[in-house]
Amino acid sequence: MRYSGLRVIKEALTGHKGWKPAWRDVAPQAQYDYIVIGGGGHGLATAYYLARNHGAKKVAVLEKGWIGGGNVGRNTTIVRSNYLLDGNEPFYEHSLKLWEGLEQDINYNAMISQRGILNLVHSDAQRDAFTRRGNAMILNGADADLLSTETIQKRYPFLNVHNARFPIKGGLAQHRGGTVRHDAVAWGYARAADQLGVDIIQNCEVTGFRIEGGKCLGVETSLGYIGGGKIASCVAGSSGRLMAKANMRLPIESHVLQAFVSEGLKPVLPGVITFGAGHFYCSQSDKGGLVFGGDLDGYNSYAQRGNLPVVEDVCEGAMAIFPMLGRVRLLRMWGGIMDMSMDGSPIIDRTHIKSLYFNGGWCYGGFKATPASGWCYAHLLATDTPHEFAKAYRFDRFEKGQMIDEKGVGNNPQLH
Amino acid sequence: MIINHPILGPRDSAEFTYMGDAALLDRPDWQAKDALAQFIDYGYLRDNPAGPHQELWYHEQGDRSFLVVTRDTTTHEISSVKLANDVARSRGRST
Ligand SMILES: Cc1cc2nc3c(=O)[nH]c(=O)nc-3n(C[C@H](O)[C@H](O)[C@H](O)COP(=O)(O)OP(=O)(O)OC[C@H]3O[C@@H](n4cnc5c(N)ncnc54)[C@H](O)[C@@H]3O)c2cc1C
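Each protein sequence line maps, in turn, to chains A and B. Residue numbers are given in the working numbering: position 35 of the first sequence equals residue 35, and the series is strictly consecutive. Residues are numbered in the working numbering as their position in the second sequence, beginning at 1, plus a constant of 1000.
Note that these hints are calculated values from the structure, not bench results. Hints may be right or wrong, so weigh each one.
Simulated restraints, written as ranges between beta carbons of each label pair [as the list claims (entries may be wrong)]:
#, chain 1, residue 1, chain 2, residue 2, range
1, B, Ala1035, A, Asp124, 55 to 65 angstroms
2, B, Arg1093, A, Thr385, 41 to 51 angstroms
3, B, Gly1051, A, Gly229, 53 to 63 angstroms
4, A, Arg7, B, Tyr1042, 50 to 60 angstroms
We put the CB at the ideal spot given by N, CA and C, even for glycine.
Sequences and hints are given; from them, build the entire structure.
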């Protein structure tokens, strides 16, 4: 079924009785060509691009819970391509371009809203760093715009530019950045993949791998054994847990990140704004709630909830730049488990076990990467060669000293 | 979270800085034949368990001691707290 404006009107006039489930509910087959483990954004995108770009026929996505219940449905929905390093920027710019065409491609309204992202500058040194970053972005074909304090004050009159401790001295804007309705990304990819014949199997937890003679033949699941030509791990925060079943240790720690939503307000915040002197970022959803977040709680965690010190820190960040938020009430808060890698950058690579592939280490920037991650992972799976834009995302970069460390903080996952 | 410091008693975890897996106490021998492989492992690979985890907490806002805390990463329940010094000594090291 194709969605269209006409269809919405027709259904509205006939009691909405004609809508069908957006994807099939199927039992697993005995053998697939490709098994993608994890029905988050990345797993679903991978399955979709395997079918769409590479004509793969027998593809399954195995999800232990329901699709969209992981980080893809928990993040603060920011998309952007404002990275500095060569290993990253072409990949994220490819992702942003894919976002721009996604809704037409999958015939699904993902509410992609390019209202821009503004990274605030609070010191001269920070302005130098952001200027360099902006230049790197432009060199890679992305857009970047260094704004003066005056322009910022005019565009965002509610910002406290004269804060005594953290005055706003300008900002780096990416006007093509913005937000995307995160659940719709999972649903849209699922529906599009399903239409190309991908089996999406929910409530199917992978509990082990069948490995013989150094080759992965399939997976043990809560629904029994399923054989696969190629097995693709794509479970984000659960990466360590899953790959331990293949006796692999990863350059990854799992940490909890919290997110917050306020009560609904009239439109007050155009686009995404990030505080440059603390860790705070904020946007306004179409429903009117302010969606914001800050730092990790800072210690290994598999509990999908956070602690109070970070709540306080995030609210302090908010008050430092948006004093107008002082009386806004918090509506909801939650946590998600992040796959924090040793250098803050992801991995899309083969493993030392034949036919077993790995995608993970997305830290808290993996939502924006969803389309490109699926695109490049599908390329790797189908052709056994890394995609041009993801060739730096290898396991062996750590031992080779080729870390992609945007922040320059070293092998300390909780600091990225 | 409250960490029951062996010397100072119960302290708010916000006084501490988290320093990662306590396996970092066991620095490899740089003269070993396979020192390179061991250091790659030491520097970059982690067990990252869902369940009990031995980890280092540095009492930065307190007495500056390093602690080895055993905490369940699925519940945040702390089952043991020891001075990292004592742990290292019990493994036969001088400090
Ligand atoms: C609070 C928060 C805010 C964030 N904000 C942003 C942001 O603003 N911008 C941005 O770009 N990124 C952001 N992120 C990061 C982003 O959400 C993640 O990096 C990204 O969603 C991870 O990829 P995914 O969608 O595939 O993960 P998930 O949706 O977590 O998918 C993994 C799936 O694997 C399943 N699974 C796990 N184990 C198994 C198993 N054994 N068998 C079968 N299935 C299994 C899980 O149930 C889950 O559904 C944020 C994350 C959080 C938590």
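Quiz item: Quick check: which numbered hints come out false for this structure?
Solution: 1, 3
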